[in-house]
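So the chains spell out like this:
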Amino acid sequence: MKSPTVRAGRILDAHLHLLDRQVLDVDDVPVTTVDDLELSDIPVDTDLDGVEAPVIVSLLSGAVLGTRIFGGRPPSTRWHRVPWSSLVELGTALKVDAAADDLEVSWPERWVRDHIIARIPGGRHDPE
Amino acid sequence: MKKLFAVALGVLTAIGGFVDIGDLVTNAVVGSRFGMSLAWVVVVGVVGICLFANMSGRVAAVSGRATFEIIRERLGPRAGLANLGASFFINLMTMAAEIGGIALVLQLVTGIGPMLWMPLAAFAVWIVVWRAKFSQLENAAGLLGLSLIVFAVAVVMLGPDWGELAHQAFVPTVPASEQPSTYWFYAVALFGAAMTPYEVFFFSSGAIEEGWTRKDLGQERVNVFVGFPLGGLLSLAIAASAAIVLLPQAIAVTSLSQVVLPVVQAGGTIAFCFLIVGMLAAFFGAALETTLSSGYTIAQYFGWSWGKFRRPAKAARFHLVMIVGLVIALGILLTGVDPIAVTEYSVVFSAVALPLTYIPILIISNDPDYMGTEVNGRAVNALGLVYLVVIVVAAVAAIPLMIISGAGA
Chain A
1 MKSPTVRAGR ILDAHLHLLD RQVLDVDDVP VTTVDDLELS DIPVDTDLDG
51 VEAPVIVSLL SGAVLGTRIF GGRPPSTRWH RVPWSSLVEL GTALKVDAAA
101 DDLEVSWPER WVRDHIIARI PGGRHDPE
Chain B
1 MKKLFAVALG VLTAIGGFVD IGDLVTNAVV GSRFGMSLAW VVVVGVVGIC
51 LFANMSGRVA AVSGRATFEI IRERLGPRAG LANLGASFFI NLMTMAAEIG
101 GIALVLQLVT GIGPMLWMPL AAFAVWIVVW RAKFSQLENA AGLLGLSLIV
151 FAVAVVMLGP DWGELAHQAF VPTVPASEQP STYWFYAVAL FGAAMTPYEV
201 FFFSSGAIEE GWTRKDLGQE RVNVFVGFPL GGLLSLAIAA SAAIVLLPQA
251 IAVTSLSQVV LPVVQAGGTI AFCFLIVGML AAFFGAALET TLSSGYTIAQ
301 YFGWSWGKFR RPAKAARFHL VMIVGLVIAL GILLTGVDPI AVTEYSVVFS
351 AVALPLTYIP ILIISNDPDY MGTEVNGRAV NALGLVYLVV IVVAAVAAIP
401 LMIISGAGA
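The listed protein sequences correspond, in order, to chains A and B.
Residue numbering for the first sequence is 1 to 128, as defined by the working numbering.
Residue numbering for the second sequence is 1 to 409, as defined by the working numbering.
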C-alpha cells in the first residue's frame, strides 16, 4: 500500500526532499542513503515539443557518491539502483516495499556479513 | 513505583556517565594550575551540553532520525563527509584516550605497565559491544561511575577554605604564574571536554536504540536537566580537589597518579578503592560510547543498518567499523604515546569540531517537516544562537591559542 506521501503531482525539491535522505526497507531496516537520482532520458539535439518530461527512474547509491563529491560520472554499470516504483512512503526517510537483503544495493552489507561478521562467534545471536 | 525507578536510574546513569577521561584530566590539570578560576567554563559547558543533547534527543525521539543522518541531509555529501572525517578522527583520539585511561588505572592498582593492559582493555570493550544489551552496558557503567562522587567527599573531608574557593570561582583572575593565553587555552579545552560531540552522537543514537518516542521526552528531559548538571558538579569537585591539595604545592597534573593524590590524602585506602572503581567504570563506559559513536557516525552518513538492538549480522558494516576503529585506537596507543597527552589534544580538537555538529542540530530542530509541533521554542532558539556564537568563537580560537600557549605548557 503506497502512502499518500508518494501520490502523483506532489511537488518535491530533489535537493531538499530526496537527496541524502535515509532509505528504509519494508521492516524499517536502513538500506542506504540516496546518493543520487537517475532520470529517464530525453532525446538530445532535437525539438522537445511533444517529448514527455523526464521522470525519476531510480534512487542511486554506491560509486555515484564519490562523483557527487569530487565530480565526474561513473559508468552506468556501476550504479546501484533502487527502483522508484518500489517507493511506498516519502517522509523524513524514504521507505521501499522490498526487504533490504533482496535489494541490489545491499550487496556490500551482505558481503561483510557473510565473510566477516557472521563468522565471528556470537555474530548471529541476539545481544544478551 | 516502577516509573520512579526508571527515572532515578536514568538520572543516576546520566550523572555517572557524564565524566570521562577528558573531563577528569582537564579539570584536574586546571584545578592544579588555575584553582577554581575556570569553574565558570564548566558551568557554561554544562548548560551547552544540556541544551544541545536535549535538542538532539528530541529530534531523534520525534523524527526517528539520529544526528549524523541529519548532518548529511542538511550539509550535503561534501561538507558532510568533511564533518565525518573530522568527527571520526576526534572520536578515535577520544577512544584511544579512554582505553589508555583504563590501562593507566589498572597500572595504578597492579603496578603492571599499561602496554599489557591496553590490548586487554580494547578486547573487553569489543566483547561488550559485541554481546551485551545496550541498556545493560549503559546502566552498569553509569551506576559504577557514580563512585566518582568520592571526589566530592574528598573535597569536604579536606576541609578547605570555602571562602577562598568561592572567591576564585566567582571573581576569576589569571594566576600570576600563568600567561593569559594559557588561561584561555584551558578555557577552550574545558569547554571542549564538557561539550564533546560524541556525547551528542551517542545520546541521539541511544534514544533510537531504546526506541524512544514523543512520550519518553519527559524522562529524557529529567535525565538531561538533572543528571548532566550533577555530573558537572562532579567535574567541579575534581577541579576543587586539585585546587586544594596540588595548587599550593605547585604540582601541575601530568599523570593519573597526581589526579588521585588529593582523594588519597583525604580518604586513604577506602577512598582510593572507590576512586579506582569510579574511574574504571567512567573510562570503560566512555570507551563503549566512543566505540559505538564511531559506528553510528559512519553508518548513519552512508545509510547503513546500525544499532545494538540488532544482532551483529543484521548490522554487519556497523560492527566492522567498530572493530576497525578499536584496532586503530589500539595501534595509536601501542606507539607509546602518553594517553594523558592524547586526552588533552582530543578535548582541544573537540572544541574545533563543535560547530560542525551543533549547527545542523539547531537547524533541524526548527524544521516542522521533522519535528511537527515539537519545534524549538523562542527561548531555546535564543539560547541556541548565543551558544552558537560561543561555540564558533571557541572553535576558531582553539588552534591559535594552542600555538601561542605551546599547548598549555
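Think of the hints as simulated: they come from the structure by calculation, not from any bench.
Careful, some of the hints might be misleading.
Stated by the list, open to error - Mimicking SDA-like on lysine to any residue, the simulated pairs with C-alpha atoms at most 20 Å apart in a straight line are:
#1 B:K133 to A:H125
#2 B:K133 to B:L12
#3 A:K2 to A:G123
#4 B:K133 to A:K2
#5 B:K133 to A:E89
#6 B:K133 to A:P121
#7 A:K2 to A:L12
#8 B:K133 to A:I120
#9 B:K133 to A:L16
#10 B:K133 to A:E128
#11 B:K133 to A:R124
#12 B:K133 to A:L12
#13 B:K133 to B:E210
#14 B:K215 to B:L9
#15 B:K133 to A:R68
#16 B:K133 to A:G122
Treat the numbers as computed from the prediction; the structure is a model and nothing was measured.
Do the hints match the structure? See the list:
no., hint, verdict
1, B:K133 to A:H125, "12 Å, holds"
2, B:K133 to B:L12, "18 Å, holds"
3, A:K2 to A:G123, "35 Å, violated"
4, B:K133 to A:K2, "35 Å, violated"
5, B:K133 to A:E89, "31 Å, violated"
6, B:K133 to A:P121, "16 Å, holds"
7, A:K2 to A:L12, "17 Å, holds"
8, B:K133 to A:I120, "18 Å, holds"
9, B:K133 to A:L16, "36 Å, violated"
10, B:K133 to A:E128, "6 Å, holds"
11, B:K133 to A:R124, "14 Å, holds"
12, B:K133 to A:L12, "40 Å, violated"
13, B:K133 to B:E210, "10 Å, holds"
14, B:K215 to B:L9, "18 Å, holds"
15, B:K133 to A:R68, "38 Å, violated"
16, B:K133 to A:G122, "13 Å, holds"
Checked against the numbered hints above, the structure violates hints 3, 4, 5, 9, 12, 15; every other hint is satisfied.
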